[in-house]
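Asker: As you go down the protein sequences, you meet chains A and B in turn. Just so we're aligned: 40 in the numbering used here is position 40 of the first sequence, and the numbers increase by one with no gaps anywhere. Just so we're aligned: 247 in the numbering used here is position 247 of the second sequence, and the numbers increase by one with no gaps anywhere.
The set of hints was computed from the structure by calculation and includes no laboratory data. Careful: at least some of the hints might be erroneous.
To be verified - Cross-link-like lysine-lysine pairs, in silico, DSS-like; alpha carbons within 30 Å at most:
{"#": "1", "chain 1": "A", "residue 1": "K28", "chain 2": "B", "residue 2": "K166"}
{"#": "2", "chain 1": "B", "residue 1": "K91", "chain 2": "A", "residue 2": "K22"}
{"#": "3", "chain 1": "A", "residue 1": "K33", "chain 2": "B", "residue 2": "K166"}
{"#": "4", "chain 1": "A", "residue 1": "K22", "chain 2": "B", "residue 2": "K83"}
{"#": "5", "chain 1": "B", "residue 1": "K344", "chain 2": "A", "residue 2": "K124"}
{"#": "6", "chain 1": "A", "residue 1": "K124", "chain 2": "B", "residue 2": "K233"}
{"#": "7", "chain 1": "B", "residue 1": "K165", "chain 2": "A", "residue 2": "K639"}
{"#": "8", "chain 1": "A", "residue 1": "K639", "chain 2": "B", "residue 2": "K441"}
{"#": "9", "chain 1": "A", "residue 1": "K28", "chain 2": "B", "residue 2": "K83"}
{"#": "10", "chain 1": "B", "residue 1": "K214", "chain 2": "A", "residue 2": "K128"}
{"#": "11", "chain 1": "B", "residue 1": "K466", "chain 2": "A", "residue 2": "K639"}
{"#": "12", "chain 1": "A", "residue 1": "K22", "chain 2": "B", "residue 2": "K166"}
{"#": "13", "chain 1": "B", "residue 1": "K91", "chain 2": "A", "residue 2": "K28"}
{"#": "14", "chain 1": "B", "residue 1": "K233", "chain 2": "A", "residue 2": "K131"}
{"#": "15", "chain 1": "B", "residue 1": "K233", "chain 2": "A", "residue 2": "K128"}
{"#": "16", "chain 1": "B", "residue 1": "K83", "chain 2": "A", "residue 2": "K33"}
{"#": "17", "chain 1": "A", "residue 1": "K128", "chain 2": "B", "residue 2": "K345"}
{"#": "18", "chain 1": "A", "residue 1": "K28", "chain 2": "B", "residue 2": "K165"}
{"#": "19", "chain 1": "A", "residue 1": "K28", "chain 2": "B", "residue 2": "K136"}
Keep in mind that this is a model prediction, so the values were computed, not measured.
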Amino acid sequence: MRKLIEPNIMQHSPGGVGFSTKHESALKHVTGKAQYVDDIPTLANTLYVATGYSTVPHAKLISVDLSLVKTAPGVIDVITHLDIPGHNEVGPVYGGDPLLAESTVEYVGQPIFAVAATSLTLAKQAVKLAKIDYQKLPADLNIAQALNKQSFVLPTHTMAMGDPDKHIQQAKHTLSGEVYVKGQEHFYLEGQVSQAWPTEDGGIHVLSSTQHPSEIQKLVAEILAIPLHLVVAEVRRMGGAFGGKESQAAALACMAALFAHRLNRPIRYKMPRQDDMIQTGKRHDFLNTWQAGFDDQGKLAGVKFDLAAKCGYSPDLSEGIVDRAMFHADNAYYLNHTQVVGQRCKTHTVSNTAFRGFGGPQGMMAIEALMDDIACHLQQDPLDVRKANLYQLGRDQTHYGQKIEQHVLPDLIQQLETFSDYRARRAQIKAFNQTHSHIKKGIALTPVKFGISFTVKHLNQAGALLTIYTDGTMLISHGGTEMGQGLYTKIQQVVASAFGVSVQRVNVASTRTDKVPNTSPTAASSGTDLNGMAAQNACDIIKSNLIKFAIEHFKEQKISEEDIEFTNDNVTIGDKSLSFPEFIKLAYMNRVPLFAAGHYKTPKIYYNRDTAKGQPFLYYANGASVSEVSLDTLTGEYKVNRVDILHDVGQSLNPAIDIGQIEGGFMQGMGWLTTEELSWGEQGQLISNSPANYKIPTAFDVPEQLRVELYNQKNNEATIHSSKAVGEPPLMLAISVWSALRDACASTTNYQHCPRIDTPATPERVFWALQDCQAFNQQQQESR
Amino acid sequence: MRFTLNNETVETSNSAPDTTLLNFLREQQSLTGTKEGCGSGDCGACTVIVSKEVAGEVRYQAVNSCIYPVESIENQHVITIDKLQDLTQDKGLSSIQTQMVECHGSQCGFCTPGFIMSLIALQTEQNTGVSAYDTKQKVIDAISGNLCRCTGYRPIVEAACEALKKPNQALNIVQTPQKSADSLDYPPATPLTEFFARPTSEDALQAWMQQYPKAQFIAGGTDLMLTVTQQYKPLSQLIDLTHIPSLQQITESETHVDFGAATTYLQLESFAKRHSPVLYQQLLHRLGSRQIRNRGTLGGNICNASPIGDMPPYLLALDAQVELTSSTGSKRLLPITEFFVDYKKTKRNADEYLSKIRIAQSALAQPTQIFKISKRYEDDISAILGVFTLSQSNTMQIAFGGMAAVPIRARQTEAYLAKHKWDPATGFEAHVLQQACDILKEEFSPISDVRASSAYRQGVSANLLKKACWSMLANQTEELSLGVFGHA
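Isolated chain B (complex conformation) (with noise of 0.2 Å):
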């Protein structure tokens, strides 16, 4: 397996299917300027920039190396704080590596590589914000995943905001792309005990699949490669679903729109800025973190049975459907709301994997509030999702994660609120409303964790239902939000 590193054509060879990208380049490669500070995905001291073509473009992201198999790399190219300054138009700094010794945005240093590539892939990827303000929060989107322990983060917001209010520095980019020959597009004749499997296709993911009925499909791998970082247990049969253009299409139609398993985050947030501001501003823009949400994927969120995913309670509330496609190629398409049927189980069949949600456009249309209660704002594991949304037909549907041992609908709640008109002006009258959160209350019995507390849980689910209706009135004008997050 062949990808560019900082300019320089290496291959992979004796590597594991589930060696990492980080462990790939500090022992196999000698840069250790990449640091590891938690191989999760949580600190973001291990950021490098990886390539991607998006839409016959090729994009430069930032990536957490450390939960990144190296594997999936093939034909792409890695950039790393080691020979950032080769890439450089004059072999220097770059702005953002001046600016921050400027700005003494380092001071034990360890996260600063992190926090310099994140930033560089911002430079790259796109030019300073229409304002100050525009630009400081794409700056802190930026590092949402960067943690750094010393300097209190305001030095190095300020070196970036300086360094981008420069023009756009390009990198000298030179890429080399050349497939290798044992791309794995295909399973190969000989029969393999361990490999990591690029299907191309759908058709060549169903040859994979009943060849190797019990490989593991592997996306963003944001979840499952904690399995070989925390656990150390080895990932030896792995299908990446991530070279498949069918699976991170979205396609519009006048009635729906499908979203491609594999559509990352990252796709999402560009579409719902378009199509459903709610969902960037109410969450997107907050879950996981930005190199999380360049890597993780629609499909991963909703197969991975979470009872705490972000993105269940929101297709649920907005009744999607998931299509799941048999290895033989054969396809059902089923009602989101039945799909998860108990603690990490669904309605998925071992021989099928889920090709496609579907939205209806009308849905999306629906006036919705979307909460997440966490105890950090940005890159934290929600307590409680809460996700409300008005039918057409003024129906209220409610949907939680964090509420039960599967992401739910509140079928009590809503039937109650069923029999009970909802006027634009002045919604739900007080008493029914009261009425609706004493139901919901009850409704579920939420567990008690890290994370929160079973009676906060269901008294904070309750009040959010008020929250809900109150910023659904038409002429609701008192501030019902911290107005954290000013713009989209």
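Just chain A, same shape as in the assembly (with noise of 0.2 Å):
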């Protein structure tokens, strides 16, 4: 064979498992070489599409009118409902979610027809052509609306241990409360967007940007009434996504595709920013209510939760995301007898759909809340309540029958407590509040722990595909996608120190269905734990085979398998060292495979709906965080002031990852928590539609102090490394920073009264509270 170019990228540090590894295309996005699909050079004859779609919440169309738009400058093809040769349908689990709508409306921006144009420009002016008459029908637009009407997308599911009702009842004190939580914008920087081009065979390739390839496959498949094989998805990188290119991603891909197939043409569908806001679902709104007894220590008798989500029009994700709620209304307390009942409310709204910690952070803020009015009540330090009801030895029961193996939390905390410096600060939070009138100041250390494993069973596995080349370089492909958090550098890790070479040995491919088939949506935080085994799994098939060949090879050298090392970009067998290299291209002389398929599925996990209870995490993540914030009482406007982080990631793959990853959804919760408002019209249209009235966090809005660090614990189960999933959890770590501002708002009242405060808190809704604090004083002063 052909000798090869001596490669010389090889010298480096090895950056493999453990190394605080860069981003893989970190030099990429710094120079503005790293492509999104809106990036890829036009194909000659590229249309651009637009959708028209409805401007009332419930409506049965009686007429649509599309002449003018069709005739309008630059329009190629208009199409409706009955122009889809296959199923009109683009939703992920139960369906009912057409790609356009057929005779009836059910949210404002349902898509109603599309147009395909030779410019965006002209693709959107063509669609305000169309004259559309409506016949209204009546439209729920809340959760109080859909509860009166009792209107669902599925059935209500209840989770419960023991006979709370009794317990409650015996329970030395009770209190009940509420809190409405509301969703949450994903606004990932990059937009929604696809790109189709129709294949020689009749089949299609599409770029999305998406979470889930492998169901984009399969949608698309299914609105064309093609077979799969037809039909290749592939995302080399998404500029965001938040769970909000799981299931949302799908439209696009499948309207490019189809007008792909009709006109042989190549399609482009980006979605500008506000219809993008308008027309995809966002994080759901939950109203949590709750009933709870506990003892003289603020120790939880028993409580009863009812969670109600705002899902929109159809079921999307929506049943996974309100169990994921269901599971954790109890964050990490032991409830003892509990009854949470989950319910989710049909409203003529956008389907909600997942967001980073898909329905667990609304499911938290319900006990936290409780855990902050308890301490009130008992005059007791907010801390010790939690502390006091924290799953331990003997108290390890969730609600649905899963046992708490590794208590993390308890040490957590503590170190944190040391490290935050919390009962100090506490102190000096008090004297500061007695002696400043206008200034309050707040502070909370709250806990997370998070299950990890998709609550939906056979998404548990993944596949991966690694080629060893002749010149030493691999390359893997695996199911999972890229949408910034650094699993293609975490893959690449465990890759490279699978064969003791450097990472730049190994490029992770674009995620393509035709190279790993059949895939789970990068979700769930799970990204890694799953692809990361199936890629390990890939590495053990193929080494095995390699020492398998060396020692047949070598012996003469009389060696066994523990006389193989793959270290430093070389390959040691008894006394003789080879470089990568040279020994893989030995090993294709010698007619070894240099490629293997690597599969995964998660042990352990499983979950009986019909009782409500079983296994269905792995293992937890958890975490704590201390906020402190100062607010001024005459305008509800705040800052916060410091936050300290102690987050548990097992054993870190790569802690500078690891670090962004929650840090970035730190504040991130703190956004949804505090300056992220949606706000809707009286006719069901939203109304912060565009990043001018939907406010994320700026870098004025980190706190001065933020200091994060990784507690240092392996996981117990057998995961990737011994790491944790890192994705999800640390976005409810911001919960903390509400609860501060619950505590300074109580500071008005000597800490007697902890106001009800509403999500997201903005300087309104504080100032609300500090008047409901007002009247507290007022109508103590009057009993008196």
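Could you fit the two chains together into a complex? Lean on the hints.
Answerer: This is the structure:
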């Protein structure tokens, strides 16, 4: 064979597992060379898509007159649902999400027809020319209306343990309460986008900014009524996703594919930001109510939670999302006698969807509110009430039957308490509040315990395809997608470490359904857990072939498996040492297979929905945070002064990437609970429909002091290099900011009253909470 | 029309007048390093650097290319992420880029080019701050218009601070300034149906106005361009006001200061730092974003006549005057308190342009408090903006944005307070202040909208009066604000 050019990139640091290796695309990011779907050079004859959508929340379509649309400049094709050759459906689990509306529309923004034109501007101008007559139908626009009508997208589910009614009734203290938790817009910086072009055998190749290429492949095939093997879905990277590109990317890919198929031309469908905000789902609003009984220490005797979610008009992923809210109604605490009821309210609004935490954050908000209420009621430090209720040996049974095996939080919280100087600062803050009448401070420590695994069992599997080339470089394909979270980097590290080579030797290929089939979405924080293990499995297969070959080939050395080492880009076989490329070349010449497909399925997990019991999670990721805030009692404005975080990622695969996930998750959670407010008009239209009026945090909002540390402890379960998932859990660390705001407000009543603050806790909501405190003070004075 | 793009001369010939710089870069130049995140100047993913001559000196400023009309760039210089390496001395990564990699400042990477350009602009414009704290504040200011949804910003700020520790890295900038023949200073003899006029004098401006009375003025374009990018409505006849030196001058006399109508917030910031620190500290540094303040103009904020514009309440409280000039050159000066007529309606006639804003020196020297209330601290539209100033005769003048259909003076509250004595040590008597707050709560009927409820606006406006009065007391010692912004 031809002699290969000696590569010179392999001399450097190994960068494998455990190193803070740079993001594999970092250099491309900072030079503008990283390509996103809209950056792919346009093919000749590319057309651009826009959709015409409903302006009313619920109506029968009386007539759809598109004559002016069809003759508008630049318009090549206009379609309605009648032009769909296959199944008019882009819903992920239960269906109910037509690509284009048929006889009725069920939310403002629902696509009714679509246009392909020679430019995006012409397409957008054309859709405005449609004349649509609606016969309006009654619309339920909020949770209260849906509950009133008992209108749900899926049946109500209940999880229970013991006899809560009895134990609440018999408890020394009881409290009930309510909190409304608003949803959240994903605001990935790269909006939804897809490009499709026809292939020579009647199929489609689609590039999509999606977390779930296999589902794109399936839905495109079903829309076009063609078999799956004619469709390739591909994604190299996303400009952020956060759950918003799990099911929501499908409509764009299907629409682009549909036009590409009809017109035999390349099609690009990029949603302008405003369309994206109006037409795609968001985090669910939840109305959480509870009743609880507890003892003098604040320990729960029993608790009942009602979690009602605003699902929008269709099921989408709401089954799993509300289940996860219910699974996390305990957060980190032993609930004792419990009942958790989850309701999936149908509203005539866009169908809400996955968002980092997948219902978990909303579920936790109820119990964290309750912890603060109990502390106020008993006049204790909220931290002591939280600590008293933590899961521990003997109090380790969750309300869904899973036993907590690894008790991380008691020690983690103790460490954080010291690390953050919580007690001394609590005292300082109390003193500050006594001497300041306008500015008030608050502090709170809240934990997070987050279950890791998809709660839908079959999704807990992954595949990978590893190929080693004769120059000793490797290409790894896997089922996970890169949205910025560093999955590709971690996979690169896992593969490099398996062969003891530097990470530069490993390239991670774009995710394609023709490389690794039948993949699960990159979601539920599971990307690295699943795909890392699948990649490891592929490495193990090739490695075992290589070892077998070496033992045979160097048999005069009389070596066994233990005498073969893969380290520092070398392979040592007994007293012989070869560079990795030399060894690979030798293996090739001796006809050893240098590619393998790996697979992984998560062990142990199951959940029986009929009994609402099981072990839905392989393990839990844990963390805790302390937040300190100051607020202006005249206006409700506030500032987060300091945040300390200690977070459990098991044995970190890449500390820098993990800290990036923790900080980024925290800030995103803080945005959700503070400045980011979804507002809806009386006609069901989204009025916070642009970044001009939907405000995600800026650099200024980052706490002046932000300290983040990793809690150093291996995962007890056999995960990839004993690491733990990190994508979602840190978002919920931000609950301490909201809790600290309540604490600061409560200080105006000398901590006698902890006011309800629905979220987001905008300056306005804090202002009203302060008025509530003033009213409380007045009442106390009057009753005295 | 010609300009320099990354050290090469480019020409636009077939562009529509309202073509954005972003679309020009991505679609006509295949430079896709610059990203579109929102198309409305709110996210900064599209940030590029544009040169501008200010007082004979070429300055490099970060701007939102998504709302920047490419036709306005004639004879200027644009730097984008794509060719940044060509401009560094050793054709390597700039220190900002290196540190962004080192500090793990990118995750999904989509916002990264915008951040890099904002930070390169900061690096080019000014050396490091006087202290680590000062440097950090400058970095936060420089990226106030850049949104990142992944990192939580800490590593980006850290990367910038690290890079700024090193000596200023000069970019190897080669500008090839050469005006094209069709510079459209004056209207050409043959009538045009669509154009982007670039008058360089008020005389030329008036000539365009006479010939094309229906043409629209554009200055920073930070609001007008949304017509194109959000509503997909073309703007076919535009007259650019940013190439007329007399409209961008700040002239000081003993009695007053005149601001040309196209004075940018950037210019205003450096003026305010010297002459009215309160305007800088309590308003300008958080009005819009760095990119918006580099482009947006005082005159645009006034003529837009939005009820929630941030500058009008300040000007109303200070009894500023506005000068309107007609297409024939005749001028009239009127108090800004008479300028706003109704929602988005002003006293400016169709054949007039706003030429000047005049503020008395004495007004600038008055004790003044400005409070901007919004959901987010930086780059957010005000729910309420309150301005309180104590005139030389010790009467309180109060103006609000967000409380009515126009920016407005609180005349009833002022009238009540005028009847009571202000004591520099103790302010108004407590019952007087309370009564004034009660009057203020009733004086306006603000609407409830996406930014705030009517009740909150009423409640907070009254509290702001208290806060203003207490803040103005000579012996005020207790902290009344969060102290979120510590330096000028």
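Asker: Against this structure, judge whether each hint is valid.
Answerer: Verification of the supplied hints:
1. Restraint check: the Cα-Cα separation between K28(A) and K166(B) comes to about 23 Å, which is no more than 30 Å; the hinted pair holds.
2. Restraint check for K91(B) and K22(A): the C-alpha separation of about 22 Å stays at or below 30 Å, so the hint holds.
3. Using a Cα cut-off of 30 Å, the hinted pair K33(A) and K166(B) holds, with the two alpha carbons roughly 26 Å apart.
4. Proposed proximity of K22(A) and K83(B) is supported: the alpha carbons are some 23 Å apart, at most 30 Å.
5. For the given pair, K344(B) sits about 27 Å from K124(A) by alpha-carbon distance, which is consistent with the 30 Å threshold.
6. Among the hinted pairs, K124(A) with K233(B) is consistent with the structure: their alpha-carbon atoms are about 10 Å apart, no more than 30 Å.
7. Only pairs whose Cα atoms come within 30 Å are accepted, and K165(B) paired with K639(A) is accepted, the gap being roughly 28 Å.
8. Using a Cα cut-off of 30 Å, the hinted pair K639(A) and K441(B) holds, with the two alpha carbons roughly 27 Å apart.
9. Using a Cα cut-off of 30 Å, the hinted pair K28(A) and K83(B) holds, with the two alpha carbons roughly 13 Å apart.
10. Between K214(B) and K128(A), the direct Cα distance comes to roughly 25 Å. Compliance with the 30 Å bound is thereby established for this hinted pair.
11. Using a Cα cut-off of 30 Å, the hinted pair K466(B) and K639(A) holds, with the two alpha carbons roughly 21 Å apart.
12. With a C-alpha separation of about 22 Å, the suggested pairing of K22(A) with K166(B) holds against the 30 Å cut-off.
13. Note on K91(B) and K28(A): the hinted pairing holds, with a Cα-Cα distance of about 16 Å set against a maximum of 30 Å.
14. Between the alpha carbons of K233(B) and K131(A) the distance comes to roughly 19 Å, so the proposed pair stays at or under 30 Å and holds.
15. At roughly 11 Å between alpha-carbon atoms, K233(B) and K128(A) fall within 30 Å of each other, so this suggested pair holds.
16. With a C-alpha separation of about 10 Å, the suggested pair K83(B) and K33(A) falls inside the 30 Å cut-off, and the hint holds.
17. Proposed proximity of K128(A) and K345(B) is supported: the alpha carbons are some 28 Å apart, at most 30 Å.
18. The suggested pairing of K28(A) with K165(B) holds, with an alpha-carbon distance near 24 Å, which does not exceed 30 Å.
19. With a C-alpha separation of about 26 Å, the suggested pairing of K28(A) with K136(B) holds against the 30 Å cut-off.
Taken one by one, the earlier hints all hold for this structure without exception.
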